[in-house]
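Peer 1: Since chain A is already given, all that's left is putting chains B and C on it; use the hints.
Okay, here's what each chain looks like letter by letter:
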Amino acid sequence: MKNAEVVDLRQDTPEDLWKQEYRHQLPEEKPIHNRSGIEIKPLYTPADWDDSRYDEKLGYPGQLPMTRGIYSTMHRGRVWSQRQLIGFGTPEDYNRRLRKLLDAGNTAISLIPCNSVYRGYDIDEVDPKLLGTCGVMVNTVDDMDRCFRDVDIKSLSTAMNDPLPFTLLALLLAVARRRGVDWIHVSGTSNQSDYISHYVANHMFFRLSLDGSRRVLVDHIAFCQEHVPNWNPLSIVGQHMQQAGATPAEAMAFTLATGIQYAEDCIARGMDPNKFLERFTFFFDISMSFFEEIAKCRAGRRIWQNIVRERFGAQNPKVWRFKFHGQTSGVDLTRQEPLNNIARVTVQAMAGVFTGLQSLHTDSYDEVLSAPTEEAARIAVATQNIIREEAHCSDVIDPLAGSYYVESLTDQMEEKILSIVAKIDDAGGMFKAVEKGMIQNWIGHSAMKFQESIESGQQTIVGVNKYTLDDESLSAKPLERPSATKVHNQLDTLKKYKANRNRSDYNRAISRLQQAAQDETQNVYGAIVEAICGGVTHGEVVHQIRQELGFGQPQTTI
Amino acid sequence: MSLPERYRPKVIVTKIGLDGHDRGSRIVATMLRDSGMEVVYTPPWQSISDVVRLAEEEDADIIGISSLATDHLLIPDLLEALRKSDLEHIGVIVGGIIPEEDENELLELGVSRVFHPGSALKEISSYVRTLAIEVRTKSLRKWESQNHEKC
Amino acid sequence: MIHTARTGNQTSAKSVLEKLHAGGRKSLARAITIVENNLEGRKEILKAISENIGNAHVIGVTGPPGVGKSTLIDACIPEIRKLGRTVAVLAVDPSSHISGGAILGDRVRMAQHGQDDGVFIRSVAARGHLGGLSTTALNIINLFDATVWNTIIVETVGTGQSEIEISELADTIIVVESPGRGDEIQAIKAGMLEIADIVVVNKSDMPDADSTLSDLRQAIALRHASKSPLLLKTIASSGEGISELIDSVHQIGDEQDHSNRLNSKLGRMHKLVARNLGEAVEQELLNSDDEAISQLIRRIFIGEIDTDRIAQEIKSYVGRFSDFPSE
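Protein chains in written order, with the numbering used here: chain A, 1 to 558; chain B, 559 to 709; chain C, 710 to 1036.
One or more of the hints may lead you astray.
[Stated by the list, open to error] Heads up, simulated SDA-like pairs for lysine to any residue below, C-alpha to C-alpha not over 20 Å straight-line:
hint, chain 1, residue 1, chain 2, residue 2
1, C, K942, C, D914
2, B, K680, A, N465
3, C, K942, C, D906
4, C, K735, B, E638
5, C, K735, B, T695
6, C, K735, C, E753
7, C, K942, C, S957
8, A, K100, A, D150
9, B, K680, A, V464
10, A, K100, A, D145
11, B, K696, C, R751
12, B, K680, C, S808
13, B, K700, B, T688
14, B, K700, C, H730
15, A, K57, A, P46
16, C, K728, B, Q704
17, A, K466, B, E681
18, A, K129, B, E663
19, B, K700, C, G750
20, B, K700, B, S643
Derived from the structure by calculation, the hints contain no laboratory data.
So that you can see chain A by itself, here it is in the shape it has in the complex:
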């Protein structure tokens, strides 16, 4: 009841006045949430974040709590790596494209193998129609040698899409040995080494049973630490989970929980976290949700240093660094009016740069139409250069720090991520949670929810559910396919390679591989590298390892 006698002596503050005015003008406004489900207010003020917490929450670049970046100079000292994904056709095709890139001054390169390789087969085991359309056909040491013909392996950092049991790295090491290059000089990253993300979110790369994968990964990390010290044996991939439908907060939490699991597995093997963690790298999706992505990665950095120090007691400051690669989000691109995707990729790439990432891949605008064309790939690279050198987006380190909104959102994302990590801890860790199907359900649920928000129009997708055009003019180019002759020749080369091997050497290599797989005290990855050096092919190794350690059966529950 209103009492007319009582007069409120307090004056309305400017904030009160703003609130009243806002509500007056937008009385019916529905709350807005970001993809992770955090409510986004119309205005953020010092009430949401103030500088008194600067040292505790932000600090300086390269210092705890790492929020502002993992190096003191960040992008001023070193431009993030721009990696173009390459891989198509025959080893000769790959070599041609690689040398073009190297001539243009690139040193960070990638190798994308053919889908048959991803599935663990040699090219003579699959339908020839599918060969070489998505990546390079590489099965043998000879093939890998031809991929890198007239190229100095020592001068490169090679990111290879190389799922367990890492036959491509073994092929590369075999080439190095053949050329007399010490393995110390081989550098790069085993991308697609995170089998947990494959099992829950992207079956493309899932080759071995969960238990088998668990052992091979730890062996691989141990092997690289000892013999290939400049190689990053592990990239933990939040990108798969987010592409499969996890929210940004979920994707970050699942990735951190996976990192914890792998680290614990290594520690259980007697390895030193101060050493092996230095080579852990991460890989995230950068979606259209601009501020949310920036907050996600800043929060991730802050959480990881804490995990590494508190859980694993790591003292080495180098392992406190949360090194990550970002990729713009393919699922956010649309088939309708595909040139709009250039704008989308630009926004995503800017978010990526503002997160302080270590390397970035920008998607080609036409990859929803078919495999990317060379022209579209060029535009994708140019986008990064424009952001950096024309727009000067990376001149200042962590430029959004101190924004009431960004800092408040970073805190809220951190809280959300930590609560999910805690749930996974309660379930007994990531491996157990995955075995139980818990993570998969989570992702499936979020994927469905996001799709529903698009269909209800709550989330706008330009050209799809809003601002649509009747006239759908596509500039889709036909699929690039290697000629039948090339495929035939490559098959022929493989046939000759297999026929020319010494039968008894081959048998010996296979039986050594079997022995190593059956004996848990041996490093099975060391045996794989030796088998490959001894002439066993990629497909033969995967086949053997699948027999010994179990085939990777995909999840069938929905």
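Peer 2: Just chains B and C, lined up with the frame of chain A:
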């Protein structure tokens, strides 16, 4: 012969070939279930003979193929295999990333429809339901007439 | 008795059956669709097959979700095939309570028999209509039985009454458990041990397999039942324990000859019909908003009539079943 009003279409949602990106097939399978259909969902990498066998034993109305890389290049072989097994009455739809010229070829060869990224799930489900009922009605009529001839 | 009542013209029944044989897998698949969806031709098919059942050995496999039933069946199939027997599998998946749709995912875990003509796998959704599932499942089992299938495996998730009913349609019932399910194991102790001929602890290489085994052993011992189920260990993924399981299944199966299989099948059908009718009456009484029912309740309430009297009336109707008109 008419179908009961509450007939539940039986749909196979699968992926053939080498690609393993299954977000799309999972979402579509879930959505078809949620709109009341019975969905045989398979993991990726099915062989053509696997799919034909599945379609035969399950007496499916529709086969939905999801393709994101270049696995759609195998769809003509699937259509041929279905024909050889006397299963050409089953409706085949495709979803995913299909280059335009390949799409036209698939439609000519007998694929009923190609859904692109960004298609509304409601549109997919209403299309599938209509096609399934059409397919089932036609094939039941044919089955009956064959059986009567033999009598 | 169902197989003699109104059988009608023998030759037409025979020709339906002959066509089923001649048409092979496709005809069988189509016949299942017709029976399952109550499509035209259902009656002719059911009539035809009723003449020719009781030959196959029906194995029910049930148990909680996630214990590896499909993988276990997948591992059993080659063992049964080695004995020269053909195998048909009926995989029952739950339907969504909200939409009525279903994901039929069990069969993809039995994918290794893709090209074996001696194996036939079919999925059906539970659909959740009252009692209907058991009747449908029975009809499909009979379809397999009447055609070329020697061993029929019926897989259901053992969580509801109707699933337990389906496994009761089998000659041999296998209840599957797995370690590491903690307190959830209580559920199986309660309902499923009653119906099991064999209890299998699958995934027995898991750490707490031994405690699961001893829990189950204890539960079986406490039952004081005349016949105790056999307790076996398997690791379906590696094939361990599978041949022992199949041996035991057949030992139990051998004790049943054709005539007592048929009789027990009819006995089970009797039970099933009684239970379904009982449930139907119960649902009708509970859900009907007919004024007559509220009248009746009021009259019972004031002691004007009692329920025994009404039951008498219903019982007297049973005597008139022989005149029950065909659909």
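Peer 1: Look at each hint and say if it fits the structure.
Peer 2: Going down the list of hints, with the structure as the test:
no.: 1; hint: C:K942 <-> C:D914; verdict: holds, 9 Å
no.: 2; hint: B:K680 <-> A:N465; verdict: holds, 13 Å
no.: 3; hint: C:K942 <-> C:D906; verdict: holds, 14 Å
no.: 4; hint: C:K735 <-> B:E638; verdict: holds, 17 Å
no.: 5; hint: C:K735 <-> B:T695; verdict: holds, 17 Å
no.: 6; hint: C:K735 <-> C:E753; verdict: holds, 18 Å
no.: 7; hint: C:K942 <-> C:S957; verdict: holds, 12 Å
no.: 8; hint: A:K100 <-> A:D150; verdict: holds, 12 Å
no.: 9; hint: B:K680 <-> A:V464; verdict: holds, 14 Å
no.: 10; hint: A:K100 <-> A:D145; verdict: holds, 17 Å
no.: 11; hint: B:K696 <-> C:R751; verdict: holds, 18 Å
no.: 12; hint: B:K680 <-> C:S808; verdict: holds, 14 Å
no.: 13; hint: B:K700 <-> B:T688; verdict: holds, 19 Å
no.: 14; hint: B:K700 <-> C:H730; verdict: holds, 18 Å
no.: 15; hint: A:K57 <-> A:P46; verdict: holds, 15 Å
no.: 16; hint: C:K728 <-> B:Q704; verdict: holds, 10 Å
no.: 17; hint: A:K466 <-> B:E681; verdict: holds, 16 Å
no.: 18; hint: A:K129 <-> B:E663; verdict: holds, 16 Å
no.: 19; hint: B:K700 <-> C:G750; verdict: holds, 13 Å
no.: 20; hint: B:K700 <-> B:S643; verdict: holds, 16 Å
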